[in-house]
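Trainee: Each chain, letter by letter, is given below.
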Amino acid sequence: MLLELSEEHKEHLAFLPQVDSAVVAEFGRIAVEFLRRGTNPKIYEGAARKLNVSSDTVQHGVEGLTYLLTESSKLMISELDFQDSVFVLGFSEELNKLLLQLYLDNRKEIRTILSELAPSLPSYHNLEWRLDVQLASRSLRQQIKPAVTIKLHLNQNGDHNTRVLQTDPATLLHLVQQLEQALEEMKTNHCRRVVRNIKIFSSGFALAPWLRGTVQLCSS
Amino acid sequence: RAVQKAFQCWADPGSFDSTPSRSPSRTGFPRAHRLNAPGRRDHPDLKHIDPVVLKHCHAAAATYILEAGKHRADKSTLSTYLEDCKFDRERIELFCTEYQNNKNSLEILLGSIGRSLPHITDVSWCLEYQIKTNQLHKMHRPAYLVTLSIQNTDSPSYPEISFSCSMEQLQDLVGKLKDASKSLERATQL
Chain D
1 MLLELSEEHK EHLAFLPQVD SAVVAEFGRI AVEFLRRGTN PKIYEGAARK
51 LNVSSDTVQH GVEGLTYLLT ESSKLMISEL DFQDSVFVLG FSEELNKLLL
101 QLYLDNRKEI RTILSELAPS LPSYHNLEWR LDVQLASRSL RQQIKPAVTI
151 KLHLNQNGDH NTRVLQTDPA TLLHLVQQLE QALEEMKTNH CRRVVRNIKI
201 FSSGFALAPW LRGTVQLCSS
Chain F
1 RAVQKAFQCW ADPGSFDSTP SRSPSRTGFP RAHRLNAPGR RDHPDLKHID
51 PVVLKHCHAA AATYILEAGK HRADKSTLST YLEDCKFDRE RIELFCTEYQ
101 NNKNSLEILL GSIGRSLPHI TDVSWCLEYQ IKTNQLHKMH RPAYLVTLSI
151 QNTDSPSYPE ISFSCSMEQL QDLVGKLKDA SKSLERATQL
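These protein sequence lines map, in sequence, to chains D and F.
One point on numbering: in full-length UniProt numbering, the residue at position 106 of the first sequence is 106, and numbering is uninterrupted.
One point on numbering: in full-length UniProt numbering, the residue at position 72 of the second sequence is 72, and numbering is uninterrupted.
Think of the hints as simulated: they come from the structure by calculation, not from any bench.
Wrong hints could be hidden among the right ones.
In silico SDA-like links for lysine to any residue, alpha-carbon gap of 20 Å or less [stated by the list, open to error]:
(1) F:K138 <-> D:D81
(2) F:K138 <-> D:I144
(3) F:K103 <-> F:K138
(4) F:K178 <-> F:H119
(5) D:K145 <-> F:Q151
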């Protein structure tokens, strides 16, 4: 599957052949760093001065490269498809090789970063527990009331938050039983079949960008 | 002191008939249970009694019963107190029997009063297979969506906590809960 590059994109990337391959490699590094941490316009100015061009040109070059890398990573295109997509830009063999290497080296990390952009619910991080026995309260003395206190650590959009909850022994056993059943489901024939077939099904298609596509396999 | 005074009044055979069905102790117990419900002051056998006296007796009975329940008073404690209030043998027996009959429900009621942490009552889960998002295609990974039902003593609402997790994370979660339940089992065997 080939990447479709717009005219504007091609224009921005046209800057790349005009500089050394060392500079392109550096732009690649900056692009990935920006994906990790966010952009920093000062870097553009520094580079522009060194290369004797406007900072806009540098910015467009880096952004063009970023977009090239993220789109390729998002679609997980093959090496061949990447090479063919870049071929239309008319770059030198050396530059094409460099761009391919940039793609292959950074693909996995870029995909990890992109996966964090998905609409997400709080996700599980950790669980701490403690056994307590309530011995008395203001309204009743001499009690023996066992309880399990749980601290649930969740992550959402980079924020870490914790919820302190409690449950009784009977409910705890029920929770364990229910969640063990949930884990067992993944091993059933139904789920295995779906997973196998979806991989085959989706690999041959030219895909339009959909919003979150999921298949619900089963629920409690 | 007000309780004691009311009890002494209650003890007086002149004001209150000693027949069991008319005893305020019988009505006093259900009253303690339905703390917010109106008292059964319109019981026919109690009609001849001055309503103010009746009200005091009911209030005293409810207060005493709750205090006794709170401190898990035994029969001898009850008897002693009632003797001090000049209750006769028969009435003491009656009161103690009623107390004994209602003791468990009383303790359950008292035990459920009070603040506690949000309490997990149930869990539901859903297993999905993520194919793609608009940011990332060819994801191909299973994910679980877990929802914990929570009961909160502070508010009457029933909020839920939902979160997603991968298979490994769910295994971690289940492992930790199993550790907790094993510890619980060991603790109960000590």
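Trainee: Could you run down the list of hints and mark each one as holding or not?
Mentor: The hints, checked one at a time:
Restraint check for K138 (chain F) and D81 (chain D): satisfied, since their Cα atoms lie roughly 16 Å apart, inside the 20 Å limit. At most 20 Å may separate the alpha-carbon atoms for a hinted pair to count; K138 (chain F) and I144 (chain D) exceed this at roughly 53 Å. A distance of roughly 64 Å separates the Cα atoms of K103 (chain F) and K138 (chain F); the hinted pair therefore is violated under the 20 Å criterion. For a cut-off of 20 Å, the pair hint linking K178 (chain F) to H119 (chain F) stands: about 18 Å separates their Cα positions.
Between K145 (chain D) and Q151 (chain F), the direct Cα distance comes to roughly 17 Å. Compliance with the 20 Å bound is thereby established for this hinted pair.
The structure fails to meet hints 2, 3 from the earlier list, while all remaining hints are met.
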